[in-house]
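*Asks:* Sequence:
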Amino acid sequence: MWAIGIKSGLMTILGLIAYGQIVQLMGLQYSLWSNLGSVVLALGIYSGHYYYKKANNGLMTYRQGLKLGLIVVSFAGLVNALPVYLYTKFMDAFFITQLAESIQKALQQTRIDEATIEKVVQFIQHMTPEFLSIGIFVSTVLPGFACTLVIAAFSKYSKKTTQQP
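Okay, so the sequence shown: first residue is 3 according to my numbering, each after it adds one.
No lab work stands behind these hints: they were computed from the structure. Wrong hints could be hidden among the right ones.
To be verified - Below, a list of computed lysine to aspartate or glutamate pairs in the EDC-like style, where the Cα atoms sit at most 20 angstroms apart:
hint	residue 1	residue 2
1	K91	E120
2	K107	E120
3	K91	E103
4	K121	D94
Please take these sequences and the hints and turn them into a complete structure.
*Replies:* Set out below in structure tokens:
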């Protein structure tokens with residue numbers, strides 16, 4: 003299960019990277035298209051379920067589906083957060099400031115009042131690299147877990163045993 007989960011997590015990370023690059027290259031950072039990363043997570047979870055069922059003659063319980071989905075999203079969240087931590091901690095101390103500025107620009111394009119935007123920017127500017135990485139990990143795992151709950155319910159299959167009289 004772990005090997006399939008990590009392999010699917012790796013495929014999910016590659017999908018998230020490709021998706022992020024497409025969104026950035028097309029200039030869609032501040033549109034609806036930039037918020038569809040959960041679809042990539044869902045596809046990664048489903049691929050893990052598919053390969054697990056294929057390896058087990060089509061059998062997978064709901065509990066196994068949950069466990070596998072959590073392995074996939076946890077691995078994806080860790081691999082997603084680790085480079086950001088290393089980059090902000092050791093290479094670019096001003097990354098968080100630049101992140102706050104870009105979030106401020108994005109929020110100003112919405113109809114959120116300036117006081118709220120200022121509070122959000124202040125909060126982000128006081129983040130440490132560790133806190134930012136934990137936030138990235140959690141923001142990957144929570145939607146992934148929600149997707150796992152739904153996907154595991156639909157992709158589980160266990161053969162019913164027939165009872166002999």
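*Asks:* Within a Cα-Cα threshold of 20 angstroms, do K91 and E103 meet the stated pairing?
*Replies:* Holds, at about 19 angstroms.
*Asks:* Starting from K91, check that the Cα of E120 is at most 20 angstroms away, please.
*Replies:* 25 angstroms, violated
*Asks:* Between K121 and D94, is the straight-line Cα distance small enough, at 20 angstroms or below?
*Replies:* 24 angstroms, violated
*Asks:* Compare the distance between the alpha carbons of K107 and E120 with 20 angstroms, and conclude whether the hinted pair is satisfied.
*Replies:* The hint holds at about 11 angstroms.
Comparing the model with each numbered hint stated earlier shows that hints 1 and 4 do not hold.
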